[in-house]
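Chains as they are written, first to last, in the numbering used here: chain E, 1 to 313; chain A, 1 to 313; chain F, 1 to 313; chain Z, 1 to 313.
Careful, some of the hints might be misleading.
In this list, chains with the same sequence are indistinguishable; a pair is considered to hold if it fits within one copy or across any two.
Unchecked claim - In silico EDC-like links for lysine to aspartate or glutamate, alpha-carbon gap of 20 angstroms or less:
(1) Lys71 - Asp90
(2) Lys143 - Asp231
(3) Lys71 - Glu21
(4) Lys275 - Asp231
(5) Lys91 - Asp38
(6) Lys71 - Glu204
(7) Lys143 - Asp70
Source of the hints: derived by calculation from the structure; they are not laboratory data.
4 protein chains.
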Amino acid sequence: MGLTIGVDIGGTKIAAGVVDEEGTILETHTVPTPSTPDAIVDAICSAVAGASTGRDVEAVGIGAAGYVDDKRATVIFAPNIDWRHEPLKDKVEQRVGLPVVVENDANAAAWGEYRFGAGQGHHDVICITLGTGLGGGIIIGNKLRRGRFGVAAEFGHVRIVPDGLLCGCGGQGCWEQYASGRALVRYARQRAAATPDQARVLLELGDGTVEGIEGKHVSTAARQGDPVAVDSFRELARWAGAGLADLASLFDPSAFIIGGGVSDEGELVLEPIRKSFRRRLIGAQWRPHAQVLVAQLGNKAGLVGAADLARQG
Amino acid sequence: MGLTIGVDIGGTKIAAGVVDEEGTILETHTVPTPSTPDAIVDAICSAVAGASTGRDVEAVGIGAAGYVDDKRATVIFAPNIDWRHEPLKDKVEQRVGLPVVVENDANAAAWGEYRFGAGQGHHDVICITLGTGLGGGIIIGNKLRRGRFGVAAEFGHVRIVPDGLLCGCGGQGCWEQYASGRALVRYARQRAAATPDQARVLLELGDGTVEGIEGKHVSTAARQGDPVAVDSFRELARWAGAGLADLASLFDPSAFIIGGGVSDEGELVLEPIRKSFRRRLIGAQWRPHAQVLVAQLGNKAGLVGAADLARQG
Amino acid sequence: MGLTIGVDIGGTKIAAGVVDEEGTILETHTVPTPSTPDAIVDAICSAVAGASTGRDVEAVGIGAAGYVDDKRATVIFAPNIDWRHEPLKDKVEQRVGLPVVVENDANAAAWGEYRFGAGQGHHDVICITLGTGLGGGIIIGNKLRRGRFGVAAEFGHVRIVPDGLLCGCGGQGCWEQYASGRALVRYARQRAAATPDQARVLLELGDGTVEGIEGKHVSTAARQGDPVAVDSFRELARWAGAGLADLASLFDPSAFIIGGGVSDEGELVLEPIRKSFRRRLIGAQWRPHAQVLVAQLGNKAGLVGAADLARQG
Amino acid sequence: MGLTIGVDIGGTKIAAGVVDEEGTILETHTVPTPSTPDAIVDAICSAVAGASTGRDVEAVGIGAAGYVDDKRATVIFAPNIDWRHEPLKDKVEQRVGLPVVVENDANAAAWGEYRFGAGQGHHDVICITLGTGLGGGIIIGNKLRRGRFGVAAEFGHVRIVPDGLLCGCGGQGCWEQYASGRALVRYARQRAAATPDQARVLLELGDGTVEGIEGKHVSTAARQGDPVAVDSFRELARWAGAGLADLASLFDPSAFIIGGGVSDEGELVLEPIRKSFRRRLIGAQWRPHAQVLVAQLGNKAGLVGAADLARQG
């Protein structure tokens, strides 16, 4: 099969990209994200049409945040869009006249990294996306593992603190409450409120107020050595690494790939994650250790991965 | 392939059994478990010889507690036997003249249940063995998943309580410290010490002392409705079910199979585990729920599973 | 000294009551609670005037939610009223022409129970108010202990779960997030959402929805034996009792007095609290145990206590 | 009253010291600690006689590890000596012919620091002894507060981690499991095992093995900047400071005094404790902050305190 299209449905825009067999994006077309399910179908089709004009495209892969069923056809539930058992595959196939595969967006990104990014050469990989929340995907034996009902790899909602923080999912103590971009900001704000004298750089970036501190400020301040920002990253890494150690006990992959916005900081965050992972890894002296790698495709991983999954059929 | 032999290496005895293609054990031969690695090889060979006399056996599968490498040949590390990078496959093959497969014992038991027990008909199953500790195995897409280095499915050492109880593995807060036969006894003793007047049945069974209370006493007392024993099972189930909910978020299997000595109590323990699982399952109202089943093969699961893995080669 | 006035500043109304030396309320006058600090001073004075008409009153005690300084004059900070270093004593004294004592409302209630309620005859008592939140007061050696700066006895904000639930105070894992009327409702809603079939009575009371469930419904349903409601009280009691055990290690009082709206359920909640307390009490077999008593004055404790503190000067 | 004697009963020796009204030790006499209760009475009397020879001594104060009753006469229970309801006051009084006061050793040390050490000038002080375990004493309104039954101030056994580490007291998650000399060693060993390459100084001091690492090695290595040792102190300080914040919510003292062997490191440990305390202190921006001071009397605090308590009668 030749070219396929990957679609990434974001909070503000929908991007469709034509991707070749090497994972290269040949062309991208972007439209704003509307608010209703029907309008979103229109927008997806419009983006696909825009990207594919003049090209011989053979299939479409759509990455969507939410539970996607085991047939990769229906979005059972989405947190940010009003999708409830939405038959997205059928709706889009009827309109674009191409085979469509729907995939959870974090799964798609994991597949992208496995095929064309940091995961190349590995057969058993766990990808973790540290964005606003925490998601990921599982590759075992060179296949994406979706679970019996399609909803595996919901890493962000594993409980790591009994009776811990409330999560939007209704649970308490979910991993993404402790290891995610949102958690990073909480750490920074709590620390800046408690010890403002040590958080001068951070507070200045946040226009002088604790509430003004955002994720990008924590990154900037950490690169300048602001102790509160550095400590906030260390706290995030403590929880992220502890979770990886658990996943190693369960999955024993050859590599973890850390993607998402938080991973843009590279070694600033990877190095403390590795340290925490290593400290908490059970049987560390006896077993081979999984590598902890930074993702390579950035925010294109989902689009590229969805396109490739469509190619595989 | 016709008959194969499964070997189960227990703390006090080594059992070898001839198993047919339907998972039926045709004959078993048992020898005491010696203490040194060399003597254990002798004992395994002796048990295999005893069981196979007069039969046409084609392969041997050995279930061993410990880390087994990805080639299913070497026991990297064992907690109870002095195996450190022990080439068990080679040693036994040279002696018995048959192909040998070495497998982690909990993996072997999981495979046995999947093939011939509660897991029949399922393709994606997580087996949990609640014995003295907590172990298990992962079947995804009809295959046993062992991880890149062979040491996946170490469920018992996932951290479920940060800064929690010390574990023999060196970690803290490991699942098996909260959901296992040993945990059950701890719950019962703590409660009996705090409220002896409510634990009369239990204390009587334990010869009047808190330290005398053992697992079998908790089971007996719970069946008689002793409130402390019932509450101890409920506490175990609380932690077991919470862990299953996490595993559902990660693996999304169609069924969990609960084996091990604790599962001998059947619904006495399964029912509260299901209740706890259901309460903590994320997205419970949207997703199909995995079944929580009781194992069917009892303590033969490991032997049968090892034999079948040897047959599969 | 003869009669004094106690003032209770609630969320919706301000009550002033004339109280005699036996703690009997002779007359009460109530006005609505305004929203600004100045209007609240007006309202307090109006309530005091209304209650004291025709009586010879010698002092005024005001119970206020918030940090009150060690001079019992200034409200340093209040969570629900815009008081920041508010000199309440001076303002009211100037207007009513009587000596005024300002006291934290939970301290005042503790004092009321100690003097005229469940604490009579005890010298060392810890009072815990399980209302919407969790507050309390400390009596040691027959004196109310307010701390060096006036802000002792903030029981509700002791951290009992590291990295636990966010609290309005900015902390995480505060006791009042786990043991309070608000926590009770959360427990009931979480359980009703997870197992609606077991929460029929509760859901019916809440007009069929999980969000409709309120504290009074949990009480009503628990009295009818609804399993989810009973279990919610048990969860609250688990945390309440564990906290009492800690306070026993610290303060070693002769009695705990449990007041606040949650305590209105009497033994329904007291009995499981005692059980949890007893189980977690350190050295339980060696030490005399503090009693766990239910408060006797209901929501009048604060008013009566404030009046008595004003009498003591 | 002029001179009194303080007796400190340690694990290896019993020290009796003559102390004047300024808290100065004029003379000390030391004998080995025997193993039986009767022999310990003999040893105490021998030490007292040895120290008081030729002096006009008026009373004896004995500091003992364990629960001491509210009459300061009987040791109800001791963890390390076989005392069960031991009438120590009566036994020693009969032999030495002087009034005797028995006091919990951590209470005695707290009183010593309050009277002659870091607590001078304060009226409300909490002393925390970070030794092998964690103990302490409470001074409120210039009096030692012992609780109704004599067993207050058992700080070390407040539960700070639900379902946490087992404690010798039978509880789980006790503070002393996370903030004490023993905890410090555990932190160092865990870290050295996980990342031996970063613990070279520490491992060398421990004769090359993780198990060889002791408390003094962690101190030495931390002073040399060994990252694992420094991190171990930081972990201890994290838990110590969090506990102080809780105690501030409860007691609101003007000062905390940190004593015990761990405090010998001075600012190396005090500074991170203060930082952690400040971060976790509830309402930090509104309330005056208690000081966190290092103890001044070292291991003489208990003896001096016991002598002074005997003087006070």
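Status of each hint after checking the structure:
{"no.": "1", "hint": "Lys71 - Asp90", "verdict": "within (11 angstroms within a copy, 44 angstroms between copies)"}
{"no.": "2", "hint": "Lys143 - Asp231", "verdict": "neither (37 angstroms within a copy, 41 angstroms between copies)"}
{"no.": "3", "hint": "Lys71 - Glu21", "verdict": "neither (24 angstroms within a copy, 33 angstroms between copies)"}
{"no.": "4", "hint": "Lys275 - Asp231", "verdict": "both (14 angstroms within a copy, 13 angstroms between copies)"}
{"no.": "5", "hint": "Lys91 - Asp38", "verdict": "within (9 angstroms within a copy, 62 angstroms between copies)"}
{"no.": "6", "hint": "Lys71 - Glu204", "verdict": "neither (50 angstroms within a copy, 38 angstroms between copies)"}
{"no.": "7", "hint": "Lys143 - Asp70", "verdict": "both (14 angstroms within a copy, 18 angstroms between copies)"}
The earlier numbered hints that this structure contradicts are 2, 3 and 6.
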